[in-house]
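Engineer: My request is simple: use the sequences and hints to build the entire structure.
Spelled out, the chains give:
There are 2 protein chains.
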Amino acid sequence: MQGFPPNPEKRVMLPDSNFFSFPNLRWSVCHMRELLPTASIERAVAGYSPLTYSLVEGIDEVAFTPMHAKTAMSWQESLAENYTDGLLILHQGHIVYESYRGCLDAHTKHAAMSMTKSVTGLIAEILIAQGKLDEFAIVKDIVPELTRSAFGDATVRQVMDMTTSLAYSENYADPKADIWQYSAAANPLPKPLDYTGPVGYFEYLQTVKKAGVHGDAFGYKTVNTDALGWILSRVTGKKFNVLVSELLWQPLGMEMSADITVDGLGIPFAGGGLSATLRDLGRLGLAIANDGTVNGVQVIPKRAIDSIRLGGSKAAFAKAGYKTMPNGSYRSMWWHFHNEHGAFAARGVHGQTIYIDPTAKMIIVRFASHPVASNSVIDPTSLPAYEAIARFLMNRE
Amino acid sequence: MQGFPPNPEKRVMLPDSNFFSFPNLRWSVCHMRELLPTASIERAVAGYSPLTYSLVEGIDEVAFTPMHAKTAMSWQESLAENYTDGLLILHQGHIVYESYRGCLDAHTKHAAMSMTKSVTGLIAEILIAQGKLDEFAIVKDIVPELTRSAFGDATVRQVMDMTTSLAYSENYADPKADIWQYSAAANPLPKPLDYTGPVGYFEYLQTVKKAGVHGDAFGYKTVNTDALGWILSRVTGKKFNVLVSELLWQPLGMEMSADITVDGLGIPFAGGGLSATLRDLGRLGLAIANDGTVNGVQVIPKRAIDSIRLGGSKAAFAKAGYKTMPNGSYRSMWWHFHNEHGAFAARGVHGQTIYIDPTAKMIIVRFASHPVASNSVIDPTSLPAYEAIARFLMNRE
Chain A
1 MQGFPPNPEK RVMLPDSNFF SFPNLRWSVC HMRELLPTAS IERAVAGYSP LTYSLVEGID
61 EVAFTPMHAK TAMSWQESLA ENYTDGLLIL HQGHIVYESY RGCLDAHTKH AAMSMTKSVT
121 GLIAEILIAQ GKLDEFAIVK DIVPELTRSA FGDATVRQVM DMTTSLAYSE NYADPKADIW
181 QYSAAANPLP KPLDYTGPVG YFEYLQTVKK AGVHGDAFGY KTVNTDALGW ILSRVTGKKF
241 NVLVSELLWQ PLGMEMSADI TVDGLGIPFA GGGLSATLRD LGRLGLAIAN DGTVNGVQVI
301 PKRAIDSIRL GGSKAAFAKA GYKTMPNGSY RSMWWHFHNE HGAFAARGVH GQTIYIDPTA
361 KMIIVRFASH PVASNSVIDP TSLPAYEAIA RFLMNRE
Chain B
1 MQGFPPNPEK RVMLPDSNFF SFPNLRWSVC HMRELLPTAS IERAVAGYSP LTYSLVEGID
61 EVAFTPMHAK TAMSWQESLA ENYTDGLLIL HQGHIVYESY RGCLDAHTKH AAMSMTKSVT
121 GLIAEILIAQ GKLDEFAIVK DIVPELTRSA FGDATVRQVM DMTTSLAYSE NYADPKADIW
181 QYSAAANPLP KPLDYTGPVG YFEYLQTVKK AGVHGDAFGY KTVNTDALGW ILSRVTGKKF
241 NVLVSELLWQ PLGMEMSADI TVDGLGIPFA GGGLSATLRD LGRLGLAIAN DGTVNGVQVI
301 PKRAIDSIRL GGSKAAFAKA GYKTMPNGSY RSMWWHFHNE HGAFAARGVH GQTIYIDPTA
361 KMIIVRFASH PVASNSVIDP TSLPAYEAIA RFLMNRE
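Protein chains in written order, with the UniProt record's numbering: chain A, 1 to 397; chain B, 1 to 397.
Calculated from the structure, these hints are not laboratory results. Only true hints are included.
Derived CB-CB ranges, DEER-like:
#, chain 1, residue 1, chain 2, residue 2, range
1, A, T52, B, L193, 50 to 56 Å
2, B, Y172, A, G296, 57 to 63 Å
3, B, V213, A, V372, 55 to 61 Å
4, A, G131, B, Q92, 45 to 51 Å
5, B, A137, A, N18, 38 to 44 Å
To list a few chain A residues with every Cβ distance to chain B over 10 Å, as calculated:
#, residue
6, N24
7, V62
8, A72
9, F136
10, Y172
11, N295
12, Q298
13, L310
14, A320
15, G321
16, H338
17, R391
Virtual Cβ for every residue (Gly too), placed ideally from N, Cα, C.
Structural biologist: Structural data, given as structure tokens:
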């Protein structure tokens with residue numbers, strides 16, 4: 001949207017113009033709080049922790065071969081190919097590459113989409129490390145309201161690793177998929193007069209039924225993360241956005257407060273509602289790569305990071321059939337590639353990632369607004385590119 | 001709203017539960033961004049300007065006689081009487097009194113309501129002082145889209161002082177008042193399927209018709225402020241929230257970014273959408289009282305402050321018949337009492353104020369959620385109280 005007011009053909013409005021479809025998506029990803037009610041994830045009032053620069057020449061020219069391709073592509077070409085809005089590379093603690101495109105600049109927040117889940121998973125790991133949450137506890141013992149739902153007899157760990165067995169479809173291509181009832185419940189807009197379904201994330205979660213045995217297979221279903229969000233709020237007595245502020249945004253010295261969308265009851269969307277700046281997600285990736293330290297100070301318990309780094313069950317993950325991650329796993333809402341460098345990542349639809357390569361001491365943060373939601377379409381020109389950059393940076397050492 | 005999720009009887013939702021009616025109002029005023037889409041008015045990333053404390057004993061016991069009353073009331077009693085959520089008093093540059101009640105604390109933002117107008121008026125004065133806006137210009141020459149509206153042949157100054165003559169009723173008690181069509185246009189929620197009216201603030205403004213001669217009488221109508229907001233964006237090419245950030249929030253060293261509600265097109269509500277912290281509005285009042293300086297540095301042009309301080313036409317104001325301000329005037333969206341101390345104020349429904357007493361070098365900022373919107377009900381226990389505090393503080397010098 002441009003102009004005061006924007007021209008009719010440039011308008012992005014809720015919900016009639018499909019604000020989350022391409023090309024509207026390219027604008028909406030930078031303006032979520034102007035489209036939806038949000039809560040604030042406050043940075044520290046006192047100030048922030050500056051990042052240092054040590055820019056490296058030649059990254060744009062680094063070549064790689066996309067999956068299943070015969071001809072090489074340059075890093076720079078891959079950015080356009082993937083509708084990149086922002087790209088940050090940190091190596092050995094310094095920013096070596098930073099690029100803003102599309103609607104983004106250094107102080108604009110971009111929708112993190114399902115990278116939000118990895119933040120939620122990290123909060124859970126921190127509370128476990130602090131002794132405030134028991135990963136082996138049964139969910140109904142923490143949130144009795146979930147007793148009769150599929151989550152009731154799952155362990156917290158199963159929810160964290162999405163190995164619950166849920167009669168729930170997140171297939172966006174199916175108009176009868178459960179995700180649409182979930183969206184209707186979560187939508188902060190007033191309900192239609194004839195609406196009789198659940199209101200808000202938490203009421204919906206109580207309706208999710210069990211499909212089989214928990215713990216057997218990975219099933220990527222956002223409701224797990226919102227159930228986890230409820231668990232985290234219940235054990236701490238704090239709203240999710242306040243938890244993220246107190247446990248991450250303030251201690252990590254974030255440059256800008258972040259936003260998170262809320263349902264009609266003001267409950268933050270732990271499964272996907274975060275918007276943050278590129279550099280602040282760089283700070284998050286850097287702190288994780290540095291075992292929870294910021295400038296040598298331990299601000300996230302090392303145990304929380306160690307637990308995420310364990311990775312999840314490859315056998316459980318294999319059952320989900322992710323073709324671009326044939327050797328992968330999922331733990332604490334982080335994706336593990338189990339490649340030579342032990343890389344793992346936060347990932348969100350339309351191309352969002354925080355890619356952490358512990359061997360190369362490299363973090364790549366990407367915001368994007370690819371027309372296609374599924375990362376399976378984006379990975380072929382992304383994952384090989386990240387590995388090529390890691391090799392390039394290591395060879396310079 | 002309390003709990004995860006809040007109990008049904010404690011829920012405040014849009015719009016079925018009337019979130020801006022008492023008692024829901026008492027919660028909503030602190031949670032506007034969780035109820036409505038908003039844009040951010042960013043503080044400076046680098047840091048903020050601390051306020052200094054020199055707390056004064058005995059303020060709570062200061063007695064005053066409310067208008068038309070026979071018995072005295074204490075300052076402390078007046079706070080409860082007026083459903084005060086936050087109260088800050090600055091004297092000679094220091095905080096001498098600070099109190100948080102209701103839903104408010106030091107880092108929570110409260111709806112400023114029509115105090116937003118005074119911020120808009122100040123932005124206009126700054127742009128005039130910078131030579132970017134001509135107060136004598138005719139509106140249609142700046143915003144041609146307004147040519148056929150009532151604003152078309154008004155001067156910028158007439159819009160700033162609300163002496164335009166508009167066929168527009170802002171009587172909230174009348175269900176047929178124009179304010180309701182304005183609200184329908186401005187509402188960011190999707191329009192009903194059978195809605196054929198204007199969309200957003202700017203489309204609505206183009207429909208406002210002239211009632212008589214401009215410049216003759218003061219008429220308090222919010223549409224003037226939104227027309228001014230359009231003018232400000234047009235002459236600068238910047239969104240209103242960006243202007244407020246660049247001209248006030250960053251240079252004044254605000255402690256926290258502020259929020260402003262937007263319409264369905266992302267246009268900020270210059271007439272009433274601001275939410276800010278108590279102390280940050282204290283910083284604004286202090287800078288104005290100090291002729292535009294912060295810690296001795298001129299951050300607002302002195303000419304802008306001087307212009308506001310001139311006050312408006314008492315004759316034009318008298319025609320509006322404000323019983324609690326019999327000697328008042330309105331200029332650049334600031335209310336002038338023309339009392340012995342030359343006090344002037346930003347004011348908003350339900351009891352919001354930034355009250356500046358230049359003689360006593362005193363600023364009072366109040367956030368409130370009084371059940372009654374009109375300040376005419378709240379002034380009798382407020383204005384005499386402010387004058388009593390000013391005398392108390394001056395007597396201590």
